[in-house]
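What follows is each chain in one-letter form.
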Amino acid sequence: MTIAINNLHKRFGKNQVLKGIDLSIDEGRIYAILGPNGSGKTTLIKSILGMVIPDKGEISVLEQSIKKGWKYRKKIDYLPQIANFPPNIKVKELINMIKDLRNAPSTEAELIQLFGLEPFLNKKLSTLSGGTKQKVNIILTFMFDSPLIILDEPTTGLDPRALIRLKELIQKEKTNGKTILITSHIMQFVEETADEILYLLEGEIYFKGSIQKLLEQTKQTNFEHAIAAITTGSHA
Amino acid sequence: MLKILKYSFYDLIRSRWSYVYFLFYLALGFVLLFLNNDVSKAVITLMNVIIVLIPLIGTIFGVMYYYNSREFTELLLAQPIKRSSIFMGQYFGVAGSLTLSLVLGLGIPFVLYGLLRSNAIFDFSLLLITGAFLTFIFVGLSFVIAISNENKIKGFGYAVLLWLFLAVVYDGLFLMSLIVFEEYPLDTFSLVATALNPIDLSRILILLKLDISALLGYTGAIFKKFFGTDLGFLISIAILLLWTILPILGLRYKAGKKDF
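Protein sequence lines correspond, in order, to chains G and B. Residue 190 in the numbering used here sits at position 190 of the first sequence; the count goes up by one each step and never skips. Every position in the second sequence, counted from 1, becomes a number in the numbering used here once 1000 is added.
These aren't lab readings, by the way, just hints derived from the structure by calculation. Built from N, CA and C at the ideal position, the CB exists for glycine as well. A hint or two may mislead.
Cβ-Cβ distance ranges computed for the label pairs, FRET-style [stated by the list, open to error]:
1) B/K1041 <-> G/N84: 47 to 53 Å
2) B/D1259 <-> G/A4: 17 to 23 Å
3) G/G157 <-> B/G1256: 32 to 38 Å
4) G/Q113 <-> B/L1246: 30 to 36 Å
5) G/K167 <-> B/R1014: 38 to 44 Å
6) G/E168 <-> B/L1242: 55 to 61 Å
7) G/A109 <-> B/V1111: 29 to 35 Å
8) B/D1259 <-> G/T107: 55 to 61 Å
Extracted from the complex, chain G is given alone in its bound form:
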């Protein structure tokens, strides 16, 4: 089991975001975390990363409780939702900085070529377009070799070519035996990449299972419609 979550609760002020999440993530599979806006997807991910501190509950990553720990993050590559980078440094400097901070072998040259980022290496991050920033974000995430990859809205702003590259990259990492968590609102992307769906609703896990199971339960033939229909009956 790569990640085990037990009775996770989190509230922000009056807003109870997570209401007792129990979850186990197995090794070598791709999980898509879905749910309407504000259902707690990002909070769940940030709790796993230790950026959000849970009110109650246990999280363990690779058989290790994450409480007060930070070394376990060496095993995680995380792609944040909105690529907020320090504006005044160059792409190359940012890549080198993260490499220096993580102090692990990396394969950025390959990825830079894959996404065609060579012309941007000496540009400041504030001058880049949203899509290009997202490519930098992807490079920073995939350049290390960690067993767990967490992608928060990885497709944002990408052009079709880059999107295909990203999908190939995800498949490649899967064949390398990595565990991947993805959140996305692009259902076609989820359908193509994910092995298993986790549907969050109002801070609880409403559905967990394969796409096939989801289609059977909702009696739909189309994945997008199945997701839309998931909350209209009692299927979980």
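Take the given structure of chain G and dock chain B to it, following the hints.
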């Protein structure tokens, strides 16, 4: 922590504002020495400027840096780095680069003037040491305020209010209480009240070293009796240290509990 410190420090050293701050002190140092032609007098004038300006700059730089580097902080939080290291690194980066601007900016003109051969070297060193203390104290306080307030405007407001209180309002309240209670013995009260405010404490420390406490009258004599001794001096430094450490502890505590 050292890596974060390195990046924050370089980031700031390259920024325009560090140069402005450095050049300001450089110009101030040259002008004062040139106009006064007397190191001791220059130190007094410098003290008056520094004692108010350092806390203000420390506060504003600290708050601005914290809010401006929020993106960078979030990026770092997902990396395998200890949380407290991130914030400590940034804190020491800001406070360190400001202190460097101060020491170099004032140090260069004084060294060129021939400070090393004059008697004022101790007064001058004390000025720089208290300056460094004030920088670390106020950057620390501003970091604590910034981390406690998500809202930039609020954080900025509280930080400036804190500066205003310690630099201006506190003295006013202090003087008023001296006048209101003038019929009571106020020696201990004024000693304690001075020691509790890092700005006042720094001012008194420097003034007493400059041997102009005669100007302060009777109270000055009491101050001299307390702060002028080695013990008093040590206590003052200890209080300044305490003022430095408390915000750092506060920052660590807040950083450990915050959600990003």
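Quick rundown of the hints versus the structure:
1. Between B/K1041 and G/N84 the beta carbon distance is about 50 Å. The supplied range of 47 to 53 Å therefore holds.
2. The supplied range of 17 to 23 Å is met by B/D1259 and G/A4, whose beta-carbon atoms lie about 21 Å from each other.
3. A hinted range of 32 to 38 Å for the beta carbons of G/G157 and B/G1256 is consistent with their spacing of about 34 Å.
4. Take G/Q113 and B/L1246: their Cβ atoms lie about 51 Å apart, and the range 30 to 36 Å is violated.
5. Between G/K167 and B/R1014, the C-beta spacing of about 39 Å keeps the proposed range 38 to 44 Å intact.
6. Between G/E168 and B/L1242 the Cβ separation comes to about 58 Å, which falls inside the hinted range of 55 to 61 Å.
7. Taken as a hint, the range 29 to 35 Å is violated for the pair G/A109 and B/V1111, whose Cβ atoms sit roughly 48 Å apart.
8. Remark: the range hint 55 to 61 Å for B/D1259 to G/T107 is contradicted by a beta-carbon distance near 32 Å.
Consistency note: the structure conflicts with the earlier hints numbered 4, 7 and 8.
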